[in-house]
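Colleague: Fit chains B and C to the given chain A structure using the hints.
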Amino acid sequence: MASNNFLQNYEKGEVRTACFFLAPLLLIVGIFILLPVLGTFYNSFFLDVSFLPKQFIGLKNYARLLSSPDFWQALRFTLAYTVAAVSLEAVFGVAFALLLNEVFVGRTVLRVVILIPWAIPTIVSARTWQLIYEYTYGLMNFLVMNLGIAPERINWMGTEFGAFWALVFADVWKTTPFVVLILLAGLQAIPEDLYQQAKVDGAGLFRRFYKITLPMLKPVLVIAMIFRTIDSLRMFDLVYVLTGGGPGGSTRTLSYLGFEAFANDSFGLGSTVSVITFLISLAITLIYLRAGKFSEQLK
Amino acid sequence: MTKETMIKKCLIFSMSLLLLAFTLGPFIWMLWISLADRADFLVTGKVEYSFNNYFQVLTSPSLHFLDYLQNSLIISVTTAFVVTVFSSMAAYAVSRMRFPGRSVIPLLILAMSMFPQISIVGYLFEMFAQVGLINHHLALILPYIAWTIPIALWINLSYFTQIPIALDRAALVDGAGRMKVLYRIIFPLALPGIFSSALLVFIACFNEFLFAIMLTIDYTAQTLPVGIALFQGLHGEIPWGNLMAASALASVPLVIMTLIFQRYIVQGLMGGAVKG
Amino acid sequence: MTFMVGGAPNELAFFEKILASYTVDTGVPVTLIRQSTDSAQRKQGILLSLRGQQTNPDVMLVDVGWIGQIAASGWLEPLEKYDIDKNVFFQSVIELADTYENKLIGLPLYIDGGLLYYRKDLLAENGFSAPPSTWAELRDMSERIVPRQKAQNPNFWGYVWQGAQYEGLTCNSLEFFTSAGGGFFVGTATPVIDQQANVTALQFMRDLLHKQPISPPNTFTDMKEEEVRLFFHNSNALFERNWPYAWGLHNADDSPIKGQVGMAPLPGFKKGQSASTLGGWHIVMSKYSDMKSESASLIKYLTSARVQKQLSLKLGWNPGRSDIYDDAELLKANPALQNLKQVFKNAVPRPVIPYYSSVSQILQKHINATLADRVPAEQALKQAQIEVLELIKDYGIK
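Protein chains in written order, with the working numbering: chain A, 1 to 299; chain B, 1 to 276; chain C, 1 to 398.
In short, the hints are calculated from the structure, not lab data. Among the hints, erroneous ones may be present.
Calculated cross-link-like contacts (lysine to aspartate or glutamate; reagent style EDC-like; alpha-carbon spacing at most 20 angstroms) [as the list claims (entries may be wrong)]:
{"no.": "1", "chain 1": "C", "residue 1": "Lys314", "chain 2": "C", "residue 2": "Asp326"}
{"no.": "2", "chain 1": "B", "residue 1": "Lys3", "chain 2": "A", "residue 2": "Glu102"}
{"no.": "3", "chain 1": "A", "residue 1": "Lys60", "chain 2": "C", "residue 2": "Glu390"}
{"no.": "4", "chain 1": "B", "residue 1": "Lys9", "chain 2": "A", "residue 2": "Glu102"}
{"no.": "5", "chain 1": "B", "residue 1": "Lys180", "chain 2": "A", "residue 2": "Glu14"}
One chain only, chain A, in its complex shape:
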């Protein structure tokens, strides 16, 4: 098939104008996203530290990374973190969305209030949580001791377990509103007569939730969760502020590991971490694009 034939379906002038309209966007995305990603791939095959000449070392960076316990630790942590945060956000998200979909006094206020955590910059919320988790005079330990939950202060950032949940909770706080908003839209799209019919058939509150709400909500929920997954997989700022990767390097995400390498002038190794992070995200993104059925939207 000659490309001429293919182009015959289009009008020449229109194609030219379209190119002109798309050019700025394509150019800027090409130069500042596509090119750097390819460049990172390229750099991942080099030993690139400032005090030695840059040299090609093939797959050595990959071999080094894949045999390093740090990498597996970061990968495990990133995945565990993502699973914990996203599932908690789904649970809270569904609960709050159901609530805000009911008609009751004060609903408008709550619908507005829930946006507040979303509006606060992540770094700011991280700093706030840092003070909440503070060992000596933080709010969390104050509550823990005064409500009699524990006899002693808890060193939240001192154990892998504590630091993990501290991070997850700070993330859940910040991003649940987003999930709620998306689910709320999904709830509003469920036709009311489905519920009426079920009521007539004698289905109770919880049964109606299981039989109608949840299945109808599923497509939207999946989209929200995949979106949150992609975001959690690249998490960086909360770790930077709250734990600095500690204790004992146990809370480093893949992004943090990459940043650490770059900031210490190890550009080859940093690029390798980045490439692997990229591939994982890409896989999830492809799933997302299929699940989201975005191409249908264009027709």
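Modeller: Here is chains B and C on its own, set in the frame of chain A:
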């Protein structure tokens, strides 16, 4: 009252309380500490309230709060403006013209917005180092445009596709150029969508941290999140009062903006994909 | 011209004054670029600006821990041609830290060493006439005194030191290890991290937190210089490990422990086996500077006897010049200076190698894991040794 409505009422009430405590708790804590003269009052019981922390943050030149704020505003506003122009042009082409790749391009662009920033930032650093852009506003503006334009494109697309094509056909027949159609006809009709995409782009840039911490060096270009992350006190301890005041100053405008333009933000979030 | 320097706001305010007087003297305006006190963040800012080939900053302060990496990267302007007299500085420091491939690439603006601070009053009350000279003594004294103090102040602990996962932990560990007869390296390329002396020392460090603990439980998460200083400052600890800067603050007029603090060399595992890590900051010039002769004049100004004396008098910093330690005015203000000169002369340097930060990171990670009681000392150091050897192999260094 039936048993079911009882249960429902109880659930609604308790969930409302939970939601309030959950969302407002940390925010109130931030404001509270920002007004207190010491952060350890829960333990010591001693505390006095004033606006001193705010005063210090705003007037002390060595904290550079206003510099960071200015950088953040310049970078976010410029980005939002450029993104609005370029993304609406592209959305116009995709929604109204026939050309090869029409259905593939927006998908590819969307996929790129989901690339983790870490996979871009190392090479960006090298690029900008070579052309001497490190520690300039442009070092953030350019990648921010590329990073946010896909979302803007999708939000705008969802609005543009709702405007009947007959409208611009008529104008084109009357001899108007494509550009003119876009800015005279489409733009006003899709204004709510364009506004919400610009708003979301602004917020995303205002929040961004990884690019900012790697591509800028000092207060002449660093943004608020970097300033707040590196904030420190007299001998290196964390001055919680000042820090929380700076945090409140950085987030209250955003919170107010979000509350006022709530409708647009929610529509924006629905219309396209989203940034956290 | 710009000068990039990190530190506490009072230190930065002081630099601002000095720069202003420099501008009055020479007519050259200098912009101060502030960095935080956090060494990792300072390093990151300087590495990124040099790697980014920025013409600013022209002059900057770098830590003795990473000057090797920066010098080996060829980012520093050699200083010999600017007519600088290097003989007035500590000779050992100039040789160890400020010379790279026989070229002078920096000057010590001030130097530091780890010291033991102790509560004179509490030791005396409990019948101890002198500070501990061995770690075992430090433990005994803590076990005797802390329970009595805890009765009045439940937050009271025996010994506070820098155990968080950062550069300070490497410094503290080097002191513990060396004072047990161990150390990190022999020469510059032979790591001996898993030797028995180090294992013993690390086991002792771990026990400080976990076996009849005399150090607070958040030592390995929160304790950096300032956290440690404030803890001791607020009368919550018997012993403290810190740099010389804490002395002036503990004895300030508004200090709750003014006059009750003593300063001594750190204990050793045997008597007389004390070790102090060499710290301090060096002033260097960027190769990318576009104002080199002006920068050289600023470096000379900041290392002049006059400014060095001011640094000592106003900030309590210890001059990098050895020739002013016998200055009457300085000795009157700070009698401890006489002893410090000896401490600095014998201080243990961290390995001066280009990839030191990577080594330090490996050490911090594994040592911190032991302090968190997640990995036994021996296993942690074995793993650290393996990783450092791998690093050396990867970099192809002989």
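Colleague: Against each hint, give a clear statement of whether it holds in the structure.
Modeller: Structure-based check of all given hints:
Taking the CA atoms of Lys314(C) and Asp326(C), the gap is near 17 angstroms; set against the 20 angstroms cutoff, the hint holds. Distance restraint check for Lys3(B) and Glu102(A): the Cα-Cα separation of roughly 17 angstroms lies within the 20 angstroms cut-off, and the hinted pair is therefore satisfied. Of the pairs offered as hints, the one joining Lys60(A) and Glu390(C) holds, with about 12 angstroms between alpha carbons and a cut-off of 20 angstroms not exceeded. A threshold of 20 angstroms between alpha carbons decides the hint, and for Lys9(B) with Glu102(A) the separation of about 10 angstroms falls inside it, so the pair holds.
Straight-line distance between C-alpha atoms of Lys180(B) and Glu14(A) comes to about 15 angstroms, which keeps the hinted pair within the 20 angstroms bound.
In this structure, every one of the numbered hints holds.
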